[in-house]
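> Here's the letter readout for the chains.
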Amino acid sequence: MSDISAYVPRKEDFRLKNETEELGLDSNFASQNFWKEVVIRFFNKRSAVIGLVLILLIILFAAIGPGMNDYTYEGMIQEEKNLAPRVSWLEKFGIFDGSETMTTSVGDMEVNKYEDAGLTDTYYWFGSDIYGRDLWTRCWSGTRVSLIIAIAAAFIDMLIGMSYGLISGFFGGKVDMVMQRFLEICNGIPRLVIVTLLLLILKPGMLTIIFALLLTEWVGMSRIARAEMLKLKEQEFVLASRTLGAGSFFIIFKEVLPNIVGPVITQVMFSIPTAIFTEAFLSFVGLGIPVPKCSLGSLISDGYNSFTTHPYQIIPPIIIMALLMLSFNLLGDGLREAFDPKMKEM
Amino acid sequence: MKKYVLKRVLTSIGTLLAIVLVLFILMHLMPGSPFNDEKLTDVQREVIYAKYGLDDPIVVQFGRYVVNMCKGDFGVSYKISKNTPISQLIETRLPISIGIGFYAVARGAVIGLILGLLAALKRDTIIDTVCTIVSVIGVSVPSYVFALGLSYTLGFKWKIFPMLYDSADALGSSVMPSIALSMFTMASIARFTRTEMIEVLGSEYMLLAESKGLSGTKLIFTHALRNALIPIITVLAPLVVDLMTGSLVVEKIFAIPGVGSLLVNAIQSNDYNVVIALSFIYSAMYIVIMLVVDILYGIIDPRIRLGKEGD
Amino acid sequence: MKKRIIAFVLAATMVAGMTGCGSKSSDSASQGAAGAATSTDLNVMIETGVESLDPQQATDGTSFEVIADYTDGLMQMDADGNPINAIAESYEISEDGCTYTFKLRDDANWSNGKPVTAADFVFAWQRAVDPEVASEYAYMLSDIGQIVNAEEIIAGEKDKSELGVKAVDDKTLEVQLNVPVSYFLSLMYFPTFYPVNEEFFTECGDTFATSPETTLSNGAFVLDDYEPAATAFHLTKNEDYYDASKVSLTGLDYQVIQDSQTALMSYQSNTLDITLVNGDQVEQVSADPEFNTIGAGYLWYVSPNIKDVKELQNLNIRLALTNAINRENVTSQLNDGSLPTYTAVPRDFSADFSADQDKFGAYCADDATAAAKYWEAGLKELGVDSITLEMKVDDDDAPKKVATVLKSEWEETLPGLTVDIVTEPKKQRVQDLQEGEFELGLTRWGPDYDDPMTYLGMWVTDCANNYGFWSNEEYDSIIAECTTGELCTELDARRERLYDAEQLVMEDAVIFPIYTAANATLVKANVSGIEFHPVALNRVYKNTVKE
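Sequences listed follow chains A, B and C, in order. Counted from 1, the first sequence has number 329 at position 329 by the numbering used here; the numbering is strictly sequential. With the second sequence counted from 1, adding 346 to any position gets you the numbering used here. With the third sequence counted from 1, adding 657 to any position gets you the numbering used here.
Okay, chain A solo, but in the shape it has when bound (with noise of 0.2 angstroms):
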């Protein structure tokens, strides 16, 4: 006994395992990498690829649809004003060849401007605007717009959010106590009073209306954040940590972050869509985007004015709005389901 105890391990007592035979891994478990997984378990759900896929094919369109006719988004022509849409190869069908109804006071009367005007060679794909400014082109600068907006907020707002919510959970007590009262105080400001004081206070613009969005939007993803670190931190692999001798920044953004990476994310397409929501509402009172840039909420609003003359000026910026709120819905859902698989075995 004696002897043992006075033993003094060398170093040549110790060596390291590096060949993975020896470390006699599990080799059945060992292609169960958790992002395959929702790699997978994502594109089995169809609905989410097909969400995927229309998120691309707007994100493209808004990158090349303004370049893919001649005309910009603030160039007016005065003698091509209220054009309704007009597409060369199903003009001969009947169907967008420029004619529209128009409801008057005394009469409804079928015109077609083109013809009126004698454009014999313009093409308004999506129609043009009071001003003579071409839809197409402004729908899509209007989405490039309205997606470069919502994605930076609901970005910003998760970096906020996340941490915001991490610490406040990973700490507790009076620090907690603190944080929750603050964010209630934030949260029981209506959304409205507070972004329009504040896009009346600021100068309006794009960075402006980030900027307001983030304020509102950052309470939602800091409760998410918050309660997972309230599940996680009594967890075994954070006591490991802990007694290893971690700091606590370490714990929550090395050791609890990614643990929580996947309601977050879900959280975030979710955010994005509220966030273009927002942006259409802000327009509409008067706050948004300065003229003559557009966003697809400015689109929907100028179009609100002309809607019982000209129906056809609101309708593409509805429809590739309404698009982007079900692609952006139907994305989240996939990645929720991805991510948990507790909903899969349904």
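One thing to keep in mind: the hints can contain errors.
Here are the simulated lysine to any residue pairs, SDA-like style, with alpha carbons at most 20 angstroms apart [to be verified]: (1) C:K1057 - A:M206; (2) A:K45 - B:E545; (3) B:K505 - A:G107; (4) B:K503 - C:C861; (5) B:K503 - A:G132; (6) B:K503 - A:G107; (7) A:K81 - C:V942; (8) B:K353 - A:E184; (9) C:K1058 - A:G132; (10) A:K45 - B:I473; (11) A:K254 - A:E234; (12) A:K45 - B:V476; (13) A:K81 - C:V939.
Derived, one-sided and incomplete: chain C residues facing chain A with beta-carbon distance under 7 angstroms [claimed, not checked]: (14) D937; (15) E940; (16) A944; (17) K1057; (18) T1061; (19) I1078.
It should be emphasised that the hints constitute simulated quantities derived from the structure, not laboratory data. All residues carry an ideal CB built from backbone N, CA and C; glycine is no exception.
Given the coordinates of chain A, assemble chains B and C onto it according to the supplied hints.
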């Protein structure tokens, strides 16, 4: 339980006070005053500022405002309706907005539940897809577009409902605005119900109940739906407040004398007092709803209460 | 199991459907009832609500219109906008033009039966200048009306009882002016000068003019359904009105509608007799015989900040900007009947001053080549090859349209120019302009009285509405001469001097006038005799007939 309720009430009051402070500061950061008109001279503006105490230090103004508000006095409107007490303005308008909001929530919740339920039970079938599309249209088409569409078809073309709000026919005139407003609620509830139902249907206790041989209807309505409804209450509460946001534009389209249109006018004409008063009322309603939901939740589900006390 | 679920769902849908049906039937019943009532109430659409019914507090067009519906001043407007006797039966002007003596008619009564007396006018006018009342239109009595001591009272230097107006007896009112004012009679139909009964006012206290009970009528109609900030209110014909036999309408039914499409649809389904039409809807109604455009008097113009912005200090740059505007293009975009305007005093205003359109039109003609020449010269003087300017604009429909067109025209005609449009709520835009926090500002000015001075008075040194901070000694001296100097009474000479003043403004491109606003209006064919005016009272219904 008592302790929990008391604690929640106290924090709510604190939150409300903080909100008033934030609103007050925000309003005063806002450039432009209610008295900016081309035709006012500097001297006159000073006189008016003095009259309403707007030239006092902001701290004094805030103190005075809080004291008055505790007496139920929100001050007078500067611009929208000069020198009229705001409480008087709100008194007649709030019930109208709440009424329309109530119809909208009721309609939206019932239809949303049905859609969500159908979608969950017929998961991944054509019914599910249709329900999803309906609910996506609901969340993606702004309520003002719905409102105008309804007004044009039901009101103008077919003349079923009045296009303008008529106080003599409050019920009839709230049909179109409440439908327009309920679209968003309906869509959100449908989506949420679907998700919750799917989760509940997949749970072990449902499997247990099913294996005990319970019949389908009973299984779904007493076990599944009831459990799914609890979290739905929580989303319903913020949706009620979101309705108010939607009501801002919808009230404008139907010429409804509600608080929404008042707030829009107030913001545009920089009528400080009205904006603060209305924002305060919105916030108060929101906080009260959240409080009620939390307490209800605490009663229904003891884990929440204990969890919160543990913090 | 499946069947039962479907049954439940069906049942639930039916319940939901039935609640819908229930409200539907109740509604159509009430609609029928409303349609059956055949009255000759005129249904009027307004865009904004009434801000105040207190004649000395009101500032906006809607409030003025409604106050004038039920209150008469000393004078009222005839169809052409000339002052004619109302409460005043006759008047005398002293030889020096500084004393006005009004004789009030004996049969003018308030709706509570009390007679309208000279004391009511004295009380009201003293209220208007009382610093405690802080009436925004107090300057109508001082700067514009030139009533003795008005200015000192507003500044708090004298007591309001010293105002140069007194009740000689119950029915005689005497007004003292500092200098002769050629348009003084036309001020008498401006609501700030309307009478208020002191006894009634004291009874009402703070609630004065906030409900039918707290308003008194002495005019063609009586307010019988109203609450503050109401979206719908009603007036009935005043049977005790001294001129009641001439009033044919049984009442006025006002409805505030902010959404232009709702308004048009309501008009087309006969809920409204008169409505405004937004430019976007004009295409639908332009062929309609009921469609009309009515001049609104507002001059819309761009004000360059001449003091602080180095590029805009350069005259050539300013001339280039104003010449590069195709004003026809702007108004065709608005499409509501607005008229292109090339002078600082708008068109169709003050009939004997309309020669200016021909005289000075050339200073800002739509001339792209001239503009480009000025532009080049300006850039050379500044030594730069590109300029970026920011333009502040109200976030309302019409100004945004105008700004969009201006930006496109400027950038197209003037190479190297970039214009950024900043939209703001109107109140903030006004403040920014007044404080010089702008480079270009799109703004408007509505006339207060029927004289070119209501416009030309703006560009004197240190005037709060001289947004560009332009200063010219010669101009200041002409304006002084024409307001308080020796030219007050010599109308022909005064007109010539005012033309000289306007020329200075145009030569220096102090403002870039753009258009004179008009309202696209629909009035039902069975309605006639609504009088429209660009000044003070926009619409008068006393002689309106609805068949």
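> Work down the list of hints and note, for each, if the structure agrees.
Hints, one by one, checked against the model:
1. C:K1057 - A:M206: Cα-Cα ~18 angstroms, so holds.
2. A:K45 - B:E545: holds, 17 angstroms
3. B:K505 - A:G107: Given pair K505 of chain B, G107 of chain A holds - Cα atoms ~18 angstroms apart, limit 20 angstroms.
4. B:K503 - C:C861: Violated, because 47 angstroms separates the two Cα atoms, which is more than 20 angstroms.
5. B:K503 - A:G132: violated, 30 angstroms
6. B:K503 - A:G107: holds, 13 angstroms
7. A:K81 - C:V942: holds, 17 angstroms
8. B:K353 - A:E184: Satisfied, since the Cα-Cα distance of roughly 14 angstroms is no more than 20 angstroms.
9. C:K1058 - A:G132: holds, 12 angstroms
10. A:K45 - B:I473: holds, 17 angstroms
11. A:K254 - A:E234: Satisfied, since the Cα-Cα distance of roughly 16 angstroms is no more than 20 angstroms.
12. A:K45 - B:V476: Holds, because 17 angstroms separates the two Cα atoms, which is no more than 20 angstroms.
13. A:K81 - C:V939: holds, 14 angstroms
14. D937: Holds. Min distance 5 angstroms.
15. E940: This hint holds: E940 of chain C lies near chain A, its Cβ roughly 6 angstroms from the closest one there, short of 7 angstroms.
16. A944: holds, 5 angstroms
17. K1057: holds, 6 angstroms
18. T1061: holds, 5 angstroms
19. I1078: Holds: closest Cβ of chain A sits about 6 angstroms from I1078 of chain C, inside 7 angstroms.
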